[in-house]
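S.K.: Below are the chains, spelled out letter by letter.
There are 2 protein chains.
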Amino acid sequence: MRSHYCGQLEKSLVDQQVTLCGWVNKRRDLGGLIFIDMRDRTGLVQVVFDPDQAALFETANKLRQEFCVRLKGTVRARPESQVNANMATGAVEVMADELEILSRSEPLPIDFNQHVSEEARLRFRYLDLRRPNMNHNLQFRARVTSAVRRFMDDAGFLDIETPMLTRATPEGARDYLVPSRTHKGKFFALPQSPQLFKQLLMMSGFDRYYQIVKCFRDEDLRADRQPEFTQIDIETSFMTADQVMAVTEQMVRKLFNELLEVDLGDFPQMSWHEAMRRFGSDKPDLRNPLELVDVADLLKDVEFKVFAGPANDPKGRVAALKVPGKAGDISRKNIDEYTNFVGIYGAKGLAWLKVNDLAAGRDGIQSPVLKFIPDDALQGILERTEAADGDIIFFGADNATVVAEAMGALRLKVGEEHGFVSDEWRPLWVVDFPMFEEHDGELHAIHHPFTAPVGVTPEELKANPAETLSNAYDMVLNGVEVGGGSVRIHDNAMQQAVFEILGIEKEEAQEKFGFLLEALKYGTPPHAGLAFGLDRLVMLMVGASSIREVIAFPKTTTAACVLTDAPGLANPDALQELGVAVKVAEEANDND
Amino acid sequence: MRSHYCGQLEKSLVDQQVTLCGWVNKRRDLGGLIFIDMRDRTGLVQVVFDPDQAALFETANKLRQEFCVRLKGTVRARPESQVNANMATGAVEVMADELEILSRSEPLPIDFNQHVSEEARLRFRYLDLRRPNMNHNLQFRARVTSAVRRFMDDAGFLDIETPMLTRATPEGARDYLVPSRTHKGKFFALPQSPQLFKQLLMMSGFDRYYQIVKCFRDEDLRADRQPEFTQIDIETSFMTADQVMAVTEQMVRKLFNELLEVDLGDFPQMSWHEAMRRFGSDKPDLRNPLELVDVADLLKDVEFKVFAGPANDPKGRVAALKVPGKAGDISRKNIDEYTNFVGIYGAKGLAWLKVNDLAAGRDGIQSPVLKFIPDDALQGILERTEAADGDIIFFGADNATVVAEAMGALRLKVGEEHGFVSDEWRPLWVVDFPMFEEHDGELHAIHHPFTAPVGVTPEELKANPAETLSNAYDMVLNGVEVGGGSVRIHDNAMQQAVFEILGIEKEEAQEKFGFLLEALKYGTPPHAGLAFGLDRLVMLMVGASSIREVIAFPKTTTAACVLTDAPGLANPDALQELGVAVKVAEEANDND
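Residue numbers (our numbering), protein chains in the order written: chain P, -17 to 574; chain E, -17 to 574.
Be aware that one or more of the hints could be misleading.
If you want the footprint, here are the derived chain P segments under chain E, 3+ residues with CB under 8 Å [what the hints assert, rightly or not]:
(1) 64 to 75
(2) 82 to 93
(3) 169 to 179
(4) 186 to 195
(5) 419 to 428
(6) 522 to 535
(7) 541 to 550
No wet-lab data here; the hints were simulated from the structure. Each residue gets a CB set at the ideal place from its N, CA and C atoms; glycine is no exception.
Work the whole structure out from these sequences, hints included.
M.R.: Here it is as structure tokens:
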């Protein structure tokens, strides 16, 4: 029906007749002529209707915003003075010869070229997606998936589909359940990830697997979470952690090269312990140069309990965060605000120190806690942080987790607010994670319970689980964890040991993972893999602020679709057939 | 870890050292040597261990079936006399230098190289998938999806994901329901297809969309159905039915060319009415040359009510199926069996006639109903069916639906049993479907209620729905419907008219499809699309007998996964949080 897309028109096509299909983005009547900006997925082009062609002009006169039309016309160069440099096709316009109105539009409920509420955008998503940047985002996403697939195909990875109707697993977050009709009273779960299936595929000998696949988590939604999200899921046999990192790093570098013309360079590696120590985070944003500096050893002997307590506690930590040159910019009011901010992460206060005049000794230092810091400690802190006149130093002193979380978050906030964050791409690998972390006296797997430990036997692991490192790796880009993976356990005894440490009883393990434990008996190859969060990766690449901007039909923060009004009430007969009943207090429904 | 795959080894690599990773497919001890067939996803290669290397030989001596190993060795040519022509790598073998046992295997619960029960195959699927033809099937499937995606990408189609958690729609089959936690008492449905979302994407201006996507139907499973199945889903704007057929036909031809080296040629088109008339099916298998021949006009005046009744009924039909040269092969016992067979489709009997000697007139004809057929009718039937000596002719006489179904099925069965089905690829397009079909006095949409009628206004459609044709098209290959699609309604009034004809009240339409009707108001482009059943397409291409053979982890015919034991009992706390309760009589659970 068309010969060209609007966005393709350019000077080389002058005098050529073209047929376009698209929408009236805007209409202007000027000097007796009718001008429209015509839009399709590639962009806009200006079309001119001349009153000399009476019938054509009469039809054109009916055009309103978002009418869907087909038109024939001749491309012509705009006069120098009328070239529109803000428009990709601004050097040309189309002189219309024929016009067909394919479909009319009522006045729009939202003007998608203006700012409208998130709710309205989602309710009229089909209009919101006409917005050029949304259209661009989804076209870009399609280019990302296409490039990923070509890379993986060329690297010998097989795209194999895993089931959506699966068995519930206790993988941290909550499952979406699906009642079964043929097995009344029983439920499927939607997968949180294809983890076990991709491991089984390695046991089947497929060697290299990938899939771009929907995963599901029924949990409270944050700004960058959706109940259904998409993973680039990868698993390999006979490859080491370094080899998996190499091939996936190559893929991401290729993506950035091809789609953004950015060379990410070689990704540095950093141990989890270093990341926590220097940045208070397992996904440090390296665009931000501010760093935490440990000073506990300097403060062990001070009388001030706020410092001395954590400094002498093996699980405690005292860290300094120097913000260079900002002593003058950061007021008492700012500091109060930062104190409240770190309170969110459990910090009980925020000590600080301004370096006004280093040459003046103690007199050149301003701090409410100055009196508690002896000279040698003060000197040690100033030297270790390489403090200079005009710097301000914040202190976190608490258990190591609180210090990392609070000071890590403060680092990001101050860095952002005071212009320390550079405009570049800073990828890295975080490696050498501990196998387990302790919450409330219990050990939890940091990655998942199928992650292999480094260099221990099952007995050694059981003897010292807290100190054992896992063979896991996370890819971090600009402070966002875009991917994570690990070498998997390929040995039945090791898998049982991990379950044991996690407090999963033998019976429970058998009940939940019996098929995996069984499968591990029959020549399981060493295998390792990784999964990328596609939504977040695309969000980063297009510079969007939420994954909702790169998903065609996302859910709201209450996990609803306001466009189709889902979820909805189920047909009572259907529920009866499924053998389930709704049990909700009346008022619960009214709250929706 | 490896330098080559097993299946890659060939004569050009002789004298080269290679490193292989894989499984011990078989071990043989012969003449003091140990031979193993080593397997990976590419195939097998023979490895030889020499007792001269004592340590190596000792390790090799531990090898059992399905041990997972890595080995280094040197490729050497086998002597002419020992070349194995049945093995792709049969001209070479590997003389082992180093061997590492990566993982041991207990004796296998199933021998996947032998025939085992379907239940056992699914329970130990990870072993069953090691079976070379299963491994091949899934690798082939990955090549199909890869080729489809490259074709679609190159043709400007955008891969856009649509939601899995959607609103229930009444699209014929039953929805899988998913209880919502944040909106207790309400449910999502898993999509039966992304139909409405892909139409919305056209309204958003994406122009060309495709997706390889999971769809769900909670219905009784037949041999070629699965609760979750995969669609190649396509939608376009500004394209006619012919253009959609052209581009999708081109895609399928390319697939067959690239992956099977088969040229399917141009696909013929056949109207639905012709297909029903000649083959009694809307998905005729053109490899089978047998055809139905209508003879009602010849039998209107006979006394025999079995023929005369349907012959004189506008909704009746009398059709003859000639089976050339098989009068002698088809016994009375066979005919009794066929009579039972057509009974499944509602036929009350199966009249037949054998042509023993055409020259002998009535005496040369053998038939229990001969006495009911006057000379002129008999002559007419023999002429119209072009009967010759040795032919047998079956008759179906009933309402048109029963005749088509019964005689269409008989055509396939007889054709199969008596060697009429050729070994070739016979694609076609079936077009010009009626919009609606009548069941129990009610009209139902043959495709779905968003399918556009051909050449009528909404008023004309309402005046004569039963006679109106739809702008729909099905792609049929060797009697299997591999794809189907249509031009969609892009006009609010037409969509409302179709809902009205289908007995969907205005309120109900608003409640269920309000968002679609609303969306149709704002410059909806003309759009059309198609969906392929990927599982069936791959099944046909690899020559498998069931889609379970081309799905990694299929469900059983009772929609269960015997590998993971899904569905399972849900956590009572989880159900409580979801606001649902199980309501099943005790015995129902015991039946599982």
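S.K.: Does each hint fit the structure? Answer for all of them.
M.R.: Now for the hints, and whether the structure bears them out:
1. 64 to 75: violated (count 0)
2. 82 to 93: Coverage by chain E holds here, the residue count being 6 at a Cβ distance below 8 Å.
3. 169 to 179: holds (count 6)
4. 186 to 195: holds (count 4)
5. 419 to 428: Violated: only 0 residues of the stretch 419 to 428 of chain P have a Cβ under 8 Å from chain E.
6. 522 to 535: holds (count 3)
7. 541 to 550: Contact hint for the stretch 541 to 550 of chain P vs chain E: holds, 9 residues under 8 Å.
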